[in-house]
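Position chain B against the provided structure of chain A, taking the given hints into account.
Listed in order, the protein sequences are those of chains A and B.
For the first sequence, position 31 (counting from the first letter as 1) is numbered 31 according to the working numbering, and the numbering increases by one without interruption.
For the second sequence, position 65 (counting from the first letter as 1) is numbered 112 according to the working numbering, and the numbering increases by one without interruption.
Keep in mind that a hint or two might mislead.
As the list claims (entries may be wrong) - Only some residues are given here: those of chain B computed to face chain A with a beta carbon under 8 Å:
| hint | residue |
| --- | --- |
| 1 | 58 |
| 2 | 67 |
| 3 | 80 |
| 4 | 86 |
| 5 | 90 |
| 6 | 92 |
| 7 | 102 |
| 8 | 122 |
| 9 | 126 |
| 10 | 130 |
| 11 | 131 |
| 12 | 135 |
| 13 | 161 |
| 14 | 182 |
Hints listed in this document are in silico derivations from the structure and should not be mistaken for laboratory results.
From a predicted model like this one, the values you see are computed outputs, not experimental measurements.
Quick reminder that beta carbons are idealized off the backbone N, C-alpha and C, glycines included.
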Amino acid sequence: MAEEIQAPKVGDPAPDFELPDSTGARQSLAALVSAGPRVFVFYRGHW
Amino acid sequence: MAEYRDQYEKIRATGADVSAVSVDGPERSESVRRQFELPFPILCDTRREVAKAWGVLNPESRGGIAEPAVFIVASDRRIRFSSRDSESKRVPAAAVAELLAGEARPDAVERRTLIPSVRDFLRAAASVFRFGMKSPRE
Numbered sequence: 001m002a003e004e005i006q007a008p009k010v011g012d013p014a015p016d017f018e019l020p021d022s023t024g025a026r027q028s029l030a031a032l033v034s035a036g037p038r039v040f041v042f043y044r045g046h047w
Numbered sequence: 048m049a050e051y052r053d054q055y056e057k058i059r060a061t062g063a064d065v066s067a068v069s070v071d072g073p074e075r076s077e078s079v080r081r082q083f084e085l086p087f088p089i090l091c092d093t094r095r096e097v098a099k100a101w102g103v104l105n106p107e108s109r110g111g112i113a114e115p116a117v118f119i120v121a122s123d124r125r126i127r128f129s130s131r132d133s134e135s136k137r138v139p140a141a142a143v144a145e146l147l148a149g150e151a152r153p154d155a156v157e158r159r160t161l162i163p164s165v166r167d168f169l170r171a172a173a174s175v176f177r178f179g180m181k182s183p184r185e
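Same shape as in the complex, but just chain A:
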């Protein structure tokens, strides 16, 4: 079961974040979408 946090819905602002990418560069949501829409693909990791 997923934790009791409501996934943001279509039309909502996506929750902001800053994360490192696999090369170590810091990436913020604001910067990632600044040039155009972006597809965020969550995967379970390695599989």
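Frame of chain A; chain B shown alone:
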């Protein structure tokens, strides 16, 4: 992930881009990125903060992982499309590309059973062999 590699050119042609997100650390993610020849970055949510805030964290599976999900976020940071998926039934990357290209309607996107190619399956198996099944917390 491999699907998004195969659709990447079409997605880029619409002016959009792709980021993958998982709870794996940078070393493992970079290894996956190279193995699968992904042309886009993988974000490392090792603290599970983003998976939690975006409502896709499954804390009970393998030490806490993000369930498969897809979000399209526009430049105004609003979510244009989202799909919470499962391993066995997911939105095909081709459908996401069609959405971005305006060739499909968001409410008409089908989830399908997707089977990886043998080559991608072997790449995934090699990653598990190297790093194990669990992803440690930071």
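So, going through the hints one by one against the coordinates:
no.: 1; hint: 58; verdict: holds, 7 Å
no.: 2; hint: 67; verdict: holds, 5 Å
no.: 3; hint: 80; verdict: holds, 5 Å
no.: 4; hint: 86; verdict: violated, 13 Å
no.: 5; hint: 90; verdict: holds, 5 Å
no.: 6; hint: 92; verdict: holds, 6 Å
no.: 7; hint: 102; verdict: holds, 3 Å
no.: 8; hint: 122; verdict: holds, 5 Å
no.: 9; hint: 126; verdict: holds, 5 Å
no.: 10; hint: 130; verdict: violated, 10 Å
no.: 11; hint: 131; verdict: holds, 6 Å
no.: 12; hint: 135; verdict: violated, 12 Å
no.: 13; hint: 161; verdict: violated, 12 Å
no.: 14; hint: 182; verdict: holds, 5 Å
The structure fails to meet hints 4, 10, 12, 13 from the earlier list, while all remaining hints are met.
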